[in-house]
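Work the whole structure out from these sequences, hints included.
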Amino acid sequence: MRKIVTVFLIFFLASFVLSSTGQKEELKKGSVSIKAWTIGPGPVPVLRARNLKTAGEELNAGGLNLKLDVTFSTQKFGPYRTSFSLAYNSNSFPDILSEDQDIIPEYAEAGMILPLDKYVKAGNWKSNFEDFLPGMWNAVTWKGKIYGIPIEAVVNCIYYRKDVLRKLGMSDSDIAKAFSPDSGEFTLTNLVKLAKKAKDAGLVEWGFTHRKGAGDYWFNSVMMFGGKFVDSATGNMIVDTKALKKDFAFHKMLVDEGLLPKDMASWDWKVIHEYFVDGKTLFWIGGHTGQWKEYQQKAYSIKYGKVTEEYLEKNVGIAPFPGIDGPVTPVKVHAYTLVSKTKNPDLAFKLISKASSPELLARLSITTFRGPTRKSIMKLKDFKDQNYLTKVMQIMKYAKAFPKHPSLGKYKNMLFEAMVGIETGKLTVEQAIKFMIAKAKSDIPGVIIR
Amino acid sequence: MKRIIPYFFILPLLLLIFLFYIIPAISTVYISATDMGRSLKGNFVGIKNFTRIFSVEDPVIGRVLLNTLVYLSGALIITIIGGLILAIATTTLTNRWGSFFRIIWFLPRATPPVVWAFLWIWAFDPSRYGLLNMIFNQIGLQGRSWLTLYPMAIVILANGILGIPYTMTILSAALSNIPLEILEAAKIDGASGWKTAVKIKIPLVWWPLSFLIIWYTLSFLTSFQYILMITGGGPFYASTPLALYTYNKAFQNMELGYGSALALVLIALSVVIILAFRKLLGVKREA
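Here the protein sequences line up with chains C and B, keeping their order. What the first sequence shows, in my numbering, is residues 1426 to 1875, in sequence order. What the second sequence shows, in my numbering, is residues 1230 to 1516, in sequence order.
Errors might be hidden in some of the hints.
What the hints assert, rightly or not - Cβ-Cβ distance ranges computed for the label pairs, FRET-style:
1) B:Thr1280 / C:Asn1563: 34 to 40 Å
2) B:Lys1277 / C:Ser1517: 30 to 36 Å
3) C:Gly1751 / B:Thr1340: 51 to 57 Å
4) C:Asn1563 / B:Thr1340: 49 to 55 Å
These are calculated hints, taken from the structure and not from any lab test. A virtual CB, placed ideally from N, CA and C, is assigned to each residue, including glycine.
Listed below in C-alpha cells is the structure:
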C-alpha cells in the first residue's frame, strides 16, 4: 500500500514539475496565449475557428508570437452558453467568443464581454468600420456600445418547390413573378392559395413545414405580421398582442386547412428536411439560406441522397417572408466578441480584426452560404462566382434586424410553447394570448403589453 | 493510531459528501433567495422567487404540479404492480424458467438511457417511420401523432416499465425467502393462488414493497431525463412535471434563482409525500 502511495505521489509531483517547466519555457519565448471558442452546426464552427487560426498565422508571420488555442463546438447554443458561464466564473474562460447577436445584450449587461468601440471607431480602423453593411453594427450594439465584429449574417428565408409549381401549370416566368418580392403577387394569401392547390392536387403532403423546438422561426413569423419585440423608448420587451394574434391565427388556419401538420413541433429534423428535399412539402418556412449548402452535404433525400447544386437550382427557390407591410428578411448576425476578463484585449482584437478581413469572411460565406457582412466581400471574384449567393444578396435587400434583449431567450421559449399549444389544438388563439401575457409578466421584468 | 485509521478511510467519502452534497444544498438555498442568471451573479431578492411560485404568478405552476401528481401516480402504479405481478409469477415457476423470464424482463434496465428513450421516440414517431404508425399503415389504418395526443401516457409508460425490473428483482428475492411450509400449509388449507398472493405473500414482503414504493416515489419525483428526451415536456406543458420545469427554468432560461426555489419546493413536496407514505404504509423501525 505504501509503495502504491509513493509511486502515485512521485508521478503526481513529476507531472506538476514537468508542466510548470513547460509553462516557463513558453514564457521564455515571449509568446502570448490566446484562447478562442466558436460555435455552430456542421462545418460552420470549424470555419469560424479556421479563420481565427489563419489570422493568427498571418500575425505570427508579421512578427507576433501568438499561441492560439481555438476550440470549435457543434453543441447546441444552450450547453455552449452554460459552458461559457462556468468557464467565465472559474477563470478557464476564452479570450474570444463567437456568438449570435441575440445573446449579446445578456452578456453585455452582465459585463461578460468587452465593448469594442475604442477599437472599431479608431482612426486606423475607419475604412474597415465603414465597409460593413448597413445594420450590421446595430445588430451587435447594446445600449450604445458595440460588442462584436459581425462575421456572417444568418439570412432567414422561405424555400419553395419550383417543380411542384410547374406541375400546377405555372411557367418559370409565372413562378419568378409569384415570388418576386416587388411584384404585387407575392403575398401570404397567395402562398396559402398555392399550398391549397398543390395539396388538393395531391402533389404534396404538406403545404408548409416549419422548424421544431424554440428557434428563430418564431420571431420571423411575428415579424411577418409586423410585430415589435423591444420598446425603443424604454428598452423593455413588448408583448405585441395585435401581431401575435395574427400570427397565432395564421398557424391555426394552416393546421385547420390541413396545410401544416399539427404535430410539426415534434417532427425529427431529418424528416423535416427529407420532406422538403423530396418535394413532399411545398414551402419550408423555418430555415435560412445556409440550408442550400446543407442539402448538398447531408443525404436528407430518400430518392437522391445528397442533392446537387443543379438539382436545387432547377427545383428549389428562395424568397423573403411576405410580410403584411411588405417583404421581410429577418437577418441575425454572428460575431466575434472579446471576453471581458481577457488579459490581452489588444492582441485579441488584432486577431479578430484580421479574421474578419473580407477575404476570410468571403471564405466563410462561400462555404456556409450565409450572408456576407462587408460590402467589399461582394466585390471579390470567388464570391461573385457563386450564383446562389447573388440570390441571397437579392433577398437581403429586405433585411430586417433581428430583435435583441437580455430576456429574448425567455420570450422565445414562451412563444414556442404558445404556438405548440395553438397547433396541437390545446389552446385557442385567445387562450394563447392570455398565456403570453401572464407568462411574460411572470418571467420578464418590466415587460410592456401592447 | 489504530483509532485514527478508520477515520482516515472515512474522510475521503465525507469530503466528497461535503463537496458534492452539503455545499450544493446550502448553495441552492442561498441561490433561491437571489435573481441569479447566466452570469452566475445575483442580487438578494428575499422570498420573491417563492412568492412567484405560491401566488401562482407563474401561470404554468398549477398545471405542472398536477402533471407531477399524475405522472408520479401513473408511473408508480405500473412499476409496483407490474414488478409485483412479475415477481409472484416468476417465483411460482421452476428456478430455470423463473430466472429466464427475470433476465428477459431485466433488459430494459440494462439498456442505456439514451437508447431506451430513442426506442420510445421511434415507436411513437408521428411520421410514417414510427413503429406504431408503420403497423397502422400495414393494416390500413391512418397513422397518429402519438406524442402529441398521448404525451403523458407515453412518458408514464416509458418510466413505469423501466422501474419494473428492479422491483421484480427485489420482490423475487423477498418472495423466495418465504418459508415453504407457510405456502404449503396454505395450499393444504385450500387457499387459491390469488388468496395466497394477497393474504400471505404480499403481507410477508410488505417491508421491501414499502421500501420500493418510497424509493420509486423519490425517483419519479426527481427524475426527468426520459421525459426530456421523449416529449421534451410538451406539447404545451402537457408532460412537464415539476422536476423538468425546474431544470428548464434553471438551465434553459438560465433563471438560476427561480430554478433553485422550484428545486426547494420539489424537495419539500418529496418530504411531505414520503412522510405521508411512511404513515400510510406503516413503515416503522422494528424494535
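Which of the numbered hints are not met once you compare them with the structure shown?
Violated hints: none; all satisfied.
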